[in-house]
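Visitor: Below, each chain spelled out in residue letters.
There are 2 protein chains.
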Amino acid sequence: MDEFELIDRITRQLAQHADVRIGPGDDAAELVLRHGSVLASTDILVEGVHFRQDWTTPYDLGRRAAAQNLADITAMGGTACALLVAVAAPRGTHSSWFTELARGLRDECDLVGASVIGGDLSAGPALVVSVTVLGDCAGGAPVTRAGARPGDVVALAGRLGWSATGLAALQRGATVDAPLLEAYRSPQPPYPAGPLGRAAGATAMIDVSDGLLADAAHIADASAVTLALDAAALQPDAPVVAACDVLGLDPMAAVLTGGEDHAILATFPVAADGTAAVPSPLFRVIGRVLARGEHGVLVDGAPHAGPGGHDHFAEVHHG
Amino acid sequence: MDEFELIDRITRQLAQHADVRIGPGDDAAELVLRHGSVLASTDILVEGVHFRQDWTTPYDLGRRAAAQNLADITAMGGTACALLVAVAAPRGTHSSWFTELARGLRDECDLVGASVIGGDLSAGPALVVSVTVLGDCAGGAPVTRAGARPGDVVALAGRLGWSATGLAALQRGATVDAPLLEAYRSPQPPYPAGPLGRAAGATAMIDVSDGLLADAAHIADASAVTLALDAAALQPDAPVVAACDVLGLDPMAAVLTGGEDHAILATFPVAADGTAAVPSPLFRVIGRVLARGEHGVLVDGAPHAGPGGHDHFAEVHHG
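As you go down the protein sequences, you meet chains S and P in turn. Counted the way this note's numbering counts, the first sequence spans residues 1 to 319. Counted the way this note's numbering counts, the second sequence spans residues 1001 to 1319.
Chain S extracted, bound-state conformation:
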């Protein structure tokens, strides 16, 4: 099978939504955007760095690659419309690897109504999946990291510590609850949270991909504020506690520093009557925004001791 036959086989299973005027197969795709601007973000996944083939099926890899990009649009308060996917793969990679990846991409995209509108294939020394996502805010202004103000509340939608605990179990060959492994293989970002947060007046939002402390620090630095988190509001979920017990890990560290669950961290203003328009139950309050102090992020009033989150550039899952 040559490149063109393989691309044809892949694209046949990628249904295009009505906003795709020109789909895969030409020099460029054309996507209708009715609101005057487009949101765009890109993420790359590399075999041996972000995933291992013995831990992740190509279907799950497709879901994960889509999810982490779709989450970036959600974190701006937007909705994703389209993905473009470039793949490098060693010679001899079976065609089913590509079609399974495409099926995973498609199934994750279907959760938000996005289409895979373009791509590229190449030979390469390892599997590499590079995804670019396009989306929009339906005419509203995106929510950046830079708008948090002292007095705002800090709120979170989605899970923390699940993916990191699942990965730790795979690394150690330990037996933990299947949902933790699934959380690592195919994260479940809270897609509706972004647009809901924007509609509720969120002043800042971020996709928690590097870990809560690291991403809270990104808001703190961009907004020139301090985020004071409340540990009591960040109690680990029961499966994380149980797995950390097996693994000999600190479940609170998993919550504070585990990446890749793609929760949404946001700040919301507080009205004169003291109420904050936090869209619950999707978001829950986990802290308060203070005037900028010595540290960008505090947990129960003190800077967190220990590593603050993971660095994707240094991340290695084996070796």
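Please note that the accuracy of each hint is not assured.
Below, a sample of chain P positions facing chain S; criterion: calculated Cβ distance under 7 Å [as the list claims (entries may be wrong)]: (1) Q1016; (2) S1037; (3) A1040; (4) G1118; (5) S1130; (6) R1145; (7) V1241; (8) S1280; (9) L1282; (10) G1293.
To spell it out: a stretch of chain S is covered by chain P in this simulated footprint if at least three of its residues, at any positions, have a beta carbon under 8 Å from a beta carbon of chain P; those stretches are [what the hints assert, rightly or not]: (11) 22-34; (12) 114-126.
If you are wondering where the hints come from, they were derived from the structure by calculation, not from laboratory data. Using N, Cα and C, we set each Cβ at its ideal position, and we do this for glycine too.
Given the coordinates of chain S, assemble chain P onto it according to the supplied hints.
Guide: Coordinates of chain P only, in the frame set by chain S:
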């Protein structure tokens, strides 16, 4: 230097144009698009497959990675506005490699007024540069591969055979004119040709990246026509002839099958009075569109003997 410091160093040298409302550094960038749709395409370059570090500087690689993506928008009749760039690089890659790559991306983007609005960095076993380009047609309809009609003329803007001859010289360690090596390292797509061709009523257009015969076949298949090319109109440029003489290659084969020069191949309608609105001198007539026959592409009335073009998926520049 960690991932964030490196990204900061890279993005500092990437000036953003006025249509970038949110640049690099947030979960997603925001690009203003006033015409209701966006064009998007993606291409991946892999070390050892598409380039070798001893043949290409990171600056030239940046220019090439940008050029081949910008050319895809040009070939739709559009103008590129923005790039997103994902890079995987072995641990220990010097920061200057990334900043030089970024400088090359920027300088090529400056030729069309595009901005580098986002990106991602990862470790990886080899250098991989994956670029996504966004653009638009200023409210006009993009020109696809599918609109060529019998009776149209076939026209070409840009060079053929230069990049392939330069690559062959590098592969054999032969001495050829420097512009051929430069054409391989940093192609020069005729950016104005696409919008000009669209304005002149081009019925089909394509970026010649796989080789003239292969890309002519893409128009022929998508439009269900035959493209009859005239060899006399495709005489190789003098530097290609001279280099092929040194290399023992057929210069006409370089013209017909050499890829990566990113010329623009287009078809234009012929009016009742027999004149075709080909925008010269940028475009020159190289053939005629016929009703679909047994072969999609003819050269002087016959199918071309020999390989039809190169296959990026199988492409290897070393070993």
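Visitor: Evaluate each hint against the coordinates.
Guide: Right, here's what the structure says about each hint:
no. : hint    : in the structure
1   : Q1016   : violated, 13 Å
2   : S1037   : holds, 5 Å
3   : A1040   : holds, 5 Å
4   : G1118   : holds, 6 Å
5   : S1130   : holds, 4 Å
6   : R1145   : holds, 6 Å
7   : V1241   : violated, 29 Å
8   : S1280   : violated, 23 Å
9   : L1282   : violated, 18 Å
10  : G1293   : violated, 21 Å
11  : 22-34   : holds (count 11)
12  : 114-126 : holds (count 10)
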